[in-house]
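Trainee: Read off the chains here:
Number of protein chains: 4
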Amino acid sequence: MQIQSFLSIAEQFKVVFLDSYGVLKNYNGLIHGVRHTIDFLRSRDIIIRVLTNDASRSQLQQAESFHRLGLHDIQEHEIITSGMMAKQFLEQKITNGKIAYLGTENSAHYILQSGLEHIPLRDIDLRNLDDISALVFLDDEGFDWNTDITKTVNLLRHKNLPVIVANSDKFYPVSKNEVAVGTGGIAKLIENMLDRKFIHFGKPDSQMFIYAYDELNSTGNYNRSEILMVGDTLQADILGGNKFGVKTTLVLSGNTSREDAPLQIRSSGIIPDYICESILT
Amino acid sequence: MQIQSFLSIAEQFKVVFLDSYGVLKNYNGLIHGVRHTIDFLRSRDIIIRVLTNDASRSQLQQAESFHRLGLHDIQEHEIITSGMMAKQFLEQKITNGKIAYLGTENSAHYILQSGLEHIPLRDIDLRNLDDISALVFLDDEGFDWNTDITKTVNLLRHKNLPVIVANSDKFYPVSKNEVAVGTGGIAKLIENMLDRKFIHFGKPDSQMFIYAYDELNSTGNYNRSEILMVGDTLQADILGGNKFGVKTTLVLSGNTSREDAPLQIRSSGIIPDYICESILT
Amino acid sequence: MQIQSFLSIAEQFKVVFLDSYGVLKNYNGLIHGVRHTIDFLRSRDIIIRVLTNDASRSQLQQAESFHRLGLHDIQEHEIITSGMMAKQFLEQKITNGKIAYLGTENSAHYILQSGLEHIPLRDIDLRNLDDISALVFLDDEGFDWNTDITKTVNLLRHKNLPVIVANSDKFYPVSKNEVAVGTGGIAKLIENMLDRKFIHFGKPDSQMFIYAYDELNSTGNYNRSEILMVGDTLQADILGGNKFGVKTTLVLSGNTSREDAPLQIRSSGIIPDYICESILT
Amino acid sequence: MQIQSFLSIAEQFKVVFLDSYGVLKNYNGLIHGVRHTIDFLRSRDIIIRVLTNDASRSQLQQAESFHRLGLHDIQEHEIITSGMMAKQFLEQKITNGKIAYLGTENSAHYILQSGLEHIPLRDIDLRNLDDISALVFLDDEGFDWNTDITKTVNLLRHKNLPVIVANSDKFYPVSKNEVAVGTGGIAKLIENMLDRKFIHFGKPDSQMFIYAYDELNSTGNYNRSEILMVGDTLQADILGGNKFGVKTTLVLSGNTSREDAPLQIRSSGIIPDYICESILT
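In order, the protein sequence lines correspond to chains A, B, C and D.
So in my numbering, spot 187 of the first sequence is number 1246, and the numbers just go up one at a time.
So in my numbering, spot 236 of the second sequence is number 1295, and the numbers just go up one at a time.
So in my numbering, spot 177 of the third sequence is number 1236, and the numbers just go up one at a time.
So in my numbering, spot 216 of the fourth sequence is number 1275, and the numbers just go up one at a time.
Hints were generated in silico from the structure; no laboratory data involved.
Treat the hints with care, since some could be wrong.
[To be verified] Calculated Cβ distances over 12 Å to all of chain B for the following chain A residues:
no., residue
1, K1084
2, D1098
3, E1123
4, S1124
5, K1157
6, H1168
7, G1174
8, N1219
9, N1251
10, T1278
11, L1311
12, P1321
13, L1322
14, I1324
15, E1336
[Unchecked claim] Below 27 Å or equal to it, Euclidean Cα-Cα: the simulated DSSO-like pairs (lysine-lysine) are:
no., chain 1, residue 1, chain 2, residue 2
16, A, K1256, C, K1229
17, D, K1256, B, K1229
18, C, K1218, C, K1084
19, B, K1229, A, K1218
20, B, K1229, A, K1235
21, B, K1084, A, K1256
22, C, K1152, A, K1073
23, C, K1073, C, K1084
24, C, K1235, D, K1218
[Claimed, not checked] Label pairs and their computed distance ranges (CB to CB):
no., chain 1, residue 1, chain 2, residue 2, range
25, C, N1165, A, N1155, 32 to 42 Å
26, C, Q1061, B, Q1071, 50 to 60 Å
27, B, R1325, D, E1200, 25 to 35 Å
28, B, R1283, A, N1155, 55 to 65 Å
29, C, H1126, A, H1095, 58 to 68 Å
30, B, E1237, C, E1164, 53 to 63 Å
Just so we're clear, the structure is a prediction, and the values are computed from it rather than from any experiment.
We put the CB at the ideal spot given by N, CA and C, even for glycine.
Generate coordinates for the entire structure from the input sequences, incorporating the hints supplied.
Mentor: If you want it as structure tokens, here you go:
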């Protein structure tokens, strides 16, 4: 396993797609030193996009969070989230009724602002489901799992609805050694109970890549060989980049450690084009 | 699909194993008229055993619950639960340390009284797991799903333990149209997150059948051709009875309706020897 | 379920993506009347692309097959196959060694012509795997299942390789009532034996959509709202189109019958924008 | 991990259940020295039963195979196979029609001799399935996988039948480093294609344990605490013994190596009561 310098790889590309958690941030906040890398990329006129499996906060909120952490020049439009993809899907496909959701009010406000009414699952009356037209898993917070998971099962037994999982990550890190169960994990429980598959958004699916690529080409002229995807997770970032057809860099500053990387690459067959310690050097 | 009289079938056997929910009880309480059937079986000297996938209450508590519902002559020793099987397994296999559990205090008291210490998951300190020797899923109540499901995932990431699911039913009925997510469903979520399989107890596995059979033959002399298993669920009761090698009767008074039965039998390939409307006639 | 006229829908778009089997062809050959629809689309200057989960034949061979069936004006470049996507992936990611394959020589010639050596699985010596760099499932024909499925399992136990499934369809129709097991089914057997996931190509994944979209925009200027995806299978065509973000039409001339469509749509939650009997009217 | 002497453990029991492959035999034939252990057990009047997941040969054939290998005193009635369990099930549950099978003629002769007609899958006419009443997976040999796997899928699409898998092992060893795909693997492929579950026989399910236990108690008086199960595979032998409620010994002479055992035990949570190098000492 050859470890290379990220900076010397990145400068060969016109565009760099960065995962957020494990690349720019970790459980401690900003990874120390990433500001220099961002400055380096800016100085070479390399375009940056952050592609994140997050559906709980808006682009603006995510940008502000980077600012608070000290990464001041990340702009709102540079952030692309799986929640945006779910929002786009709902706008196109659900044109009437109320959208039921599991998640915080903030996540609902952000994703479901599209003119359609939305209603938290806990406020639904299971005896009167006529106007409910879809269900969205937005966030693992904002609801009572003891009551609302069972209520969701009953809702879907009573009425067949399109069900959208805005972030399909099963878990996410909350400290060096701890994870939390994410919306993707809760959705899987209910898929398993009902023997049904929901519509999942987020890497490794291509939607965020397509969105970023389209938007770049609405004003410029970029092809996929000029784009580099950088991430810390083989199954999401590297597989996603490989399938979209861009070069991929695995960094060892997050989910995948230096010790585990060779075995994980071999056993998964997901092969990054480059491997770097982090994006720092 | 030929519907037969339960009483005329039952009188051909020396022993009748009955599932509880959907056969003797439903969401309303005792199924009206089962008392006469129990009286009929007693009058013919047919031995009764109730085999139930329940791990939250002791034999005595379950017997008392039947008494309160008006079925006064069901005795403690006639009830066999998946919880008893889990208890037996733990006694044999876990001989030191503390057993962590998810469930009510009552379920823990009943199942884990075997001399070993037990501790509710919420009281565990994840930084000090040295004395934790096993984890048991006992009941879907008695803990906070929002915090304790995630804590369970972290516990099992930190320490590999034998994990026992005392009742593997994914859901159970709570009213005519509603179900609740059971311990089996929550266990599946965590199995899925960790890519691991736990040890599950309950029908269709053979342990309760073996237990009942052994106990009968400790004082009498019965062979399997003299036993009838009666249940409302193909995947649990009928498959379990078929695999244990006794004759099976599907009743249509619970999970499987008259309309659904033919399709479910054909598509599952699980074939009861007899089909009856209920055990009433 | 509202059934609409395909022609009046199609004329609202600049580009129509068509699935092949169940839309243009069926087990009998060309679906009678599709030539008129193709003529109609040409007359309106609507661009056509055929997106097919097929990895056994080249674009030219597929075009010639349409010509033989009487659809003379389908051109090579209008056909996009999952095999092309696998080929592109291999070219980018596998840059040395020999590629082992399961399939016909023809499929290997077409997909693996990229400069790398390829070798049929049956010719591999399991004691000497040093130069084998990847494995591809190309076709369900061209090898002996009795010996080569087991040999594949042993190959992957001896050496961890990237494994690519060029067509992930589990089965495909061969007559009105019969299907054949496809490469996707055989791949699943081996994934299941090894507890591993391979890299699958084909709808509903977005690669073919992205490829077609990119190629259109290399010479023109189309956005996704101007494209219609037409297919007969909810899980492949409609889900794929929905996720790529184009409007979708389900036709009832193939896998999904008029009787099954409402239930399948409700139970899957995969909602086409339009439903048409076929593309004929 | 404490390694103990098998002989000193075994002499504490009245009955020893032995797995065949990995305990008595391996790819080379008889494991050198097992004859002395059998002699030792006989000299102490310890009863022996061989419990094997094999459905291709009769008890007599299996006994003769042991004799040819030099283990002369293993008797026919001491061998219990998963095929016998499938046979018993078919006799009880399938009382008319023809049983279709996949496997050798020998396996069919042995298992399906029960009075019912049987027919190899290849001889079935898919247009006339009226008299076919069940399907059995008997052996991985004796049929053409290229044609008959697909034919099986079509058979089960045309007619819903009970499907029995007489040996559910997914693979079995054929040499030090090679395995072969077993009937259980092929059955899984078809279960996956049809989204259906078949009825599987063999360890870890309890049927063979129950059968042996019943037969012992038809002439004697043994309880489960007097029985020891010995096997080389955690998921089949040890889990099966644990669930049946007897003490279990893992031997390291087959599927589970000394290096892998601690990790496999921890990660599976399947805990043998004893661990021995082999049954030799």
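Trainee: Determine for every hint whether it applies to the structure shown.
Mentor: Going through the hints against the structure:
The non-interface label for A/K1084 is consistent with chain B: the shortest C-beta to C-beta separation is roughly 20 Å, beyond 12 Å. No Cβ of chain B approaches the Cβ of A/D1098 within 12 Å, the least distance being about 37 Å, so the stated non-interface status holds. Distance to chain B confirms A/E1123 as a non-interface residue, since its nearest Cβ pair spans about 27 Å, more than 12 Å. For A/S1124, the condition that its CB be more than 12 Å from all CB atoms of chain B holds, with the nearest at approximately 22 Å.
Taking the minimum C-beta to C-beta distance to chain B, about 21 Å, the non-interface status of A/K1157 holds against the 12 Å cut. The non-interface label for A/H1168 is consistent with chain B: the shortest C-beta to C-beta separation is roughly 21 Å, beyond 12 Å. For A/G1174, the condition that its CB be more than 12 Å from all CB atoms of chain B holds, with the nearest at approximately 31 Å. At the 12 Å boundary, the C-beta of A/N1219 stays outside the reach of chain B, the nearest C-beta of that chain being 15 Å off.
Not every C-beta of chain B lies more than 12 Å from that of A/N1251, the closest at about 5 Å, which undercuts listing it as non-interface. Every CB of chain B is more than 12 Å from the CB of A/T1278 (nearest about 42 Å), matching its label as outside the interface. With a least beta-carbon separation of about 20 Å from chain B, A/L1311 lies farther than 12 Å from that chain, consistent with its non-interface assignment. The beta carbon of A/P1321 is kept farther than 12 Å from every beta carbon of chain B, the shortest such distance being approximately 20 Å.
Separation of A/L1322 from chain B is adequate, the least Cβ-Cβ distance of about 15 Å exceeding the 12 Å criterion. Listed as a non-interface residue, A/I1324 keeps its Cβ farther than 12 Å from every Cβ of chain B; the least gap is roughly 18 Å. At roughly 24 Å from the closest C-beta of chain B, the C-beta of A/E1336 stays outside 12 Å, upholding its exclusion from the interface. Between A/K1256 and C/K1229 the CA atoms are separated by roughly 17 Å; this keeps the pair inside 27 Å, and the hint holds.
Between the alpha carbons of D/K1256 and B/K1229 the distance comes to roughly 17 Å, so the proposed pair stays at or under 27 Å and holds. Our distance criterion of 27 Å between C-alpha atoms is broken by C/K1218 and C/K1084, whose separation comes to about 41 Å. A hinted pair counts as satisfied when its Cα atoms are at most 27 Å apart, and B/K1229 with A/K1218 qualifies at roughly 20 Å. Note on B/K1229 and A/K1235: the hinted pairing is violated, with a Cα-Cα distance of about 33 Å set against a maximum of 27 Å.
Among the hinted pairs, B/K1084 with A/K1256 is inconsistent with the structure: their alpha-carbon atoms are about 33 Å apart, more than 27 Å. With a CA separation close to 20 Å, the supplied pair C/K1152 and A/K1073 stays within the 27 Å bound. Pair hint C/K1073 plus C/K1084 holds up; C-alpha atoms about 23 Å apart against a cutoff of 27 Å. Annotation: proposed proximity of C/K1235 to D/K1218 holds, straight-line Cα distance about 16 Å (limit 27 Å).
At roughly 50 Å, the beta carbons of C/N1165 and A/N1155 sit outside the given window of 32 to 42 Å. Between C/Q1061 and B/Q1071 the CB atoms are about 57 Å apart, so this pair conforms to the stated range of 50 to 60 Å. At about 30 Å, the CB distance of B/R1325 to D/E1200 agrees with the hint of 25 to 35 Å. Between B/R1283 and A/N1155, the C-beta spacing of about 59 Å keeps the proposed range 55 to 65 Å intact.
Here the CB-CB span from C/H1126 to A/H1095 is close to 59 Å, well matched to the stated 58 to 68 Å. Between B/E1237 and C/E1164 the beta carbon distance is about 59 Å. The supplied range of 53 to 63 Å therefore holds.
In this structure, the hints that do not hold are numbers 9, 18, 20, 21, 25, in rising order.
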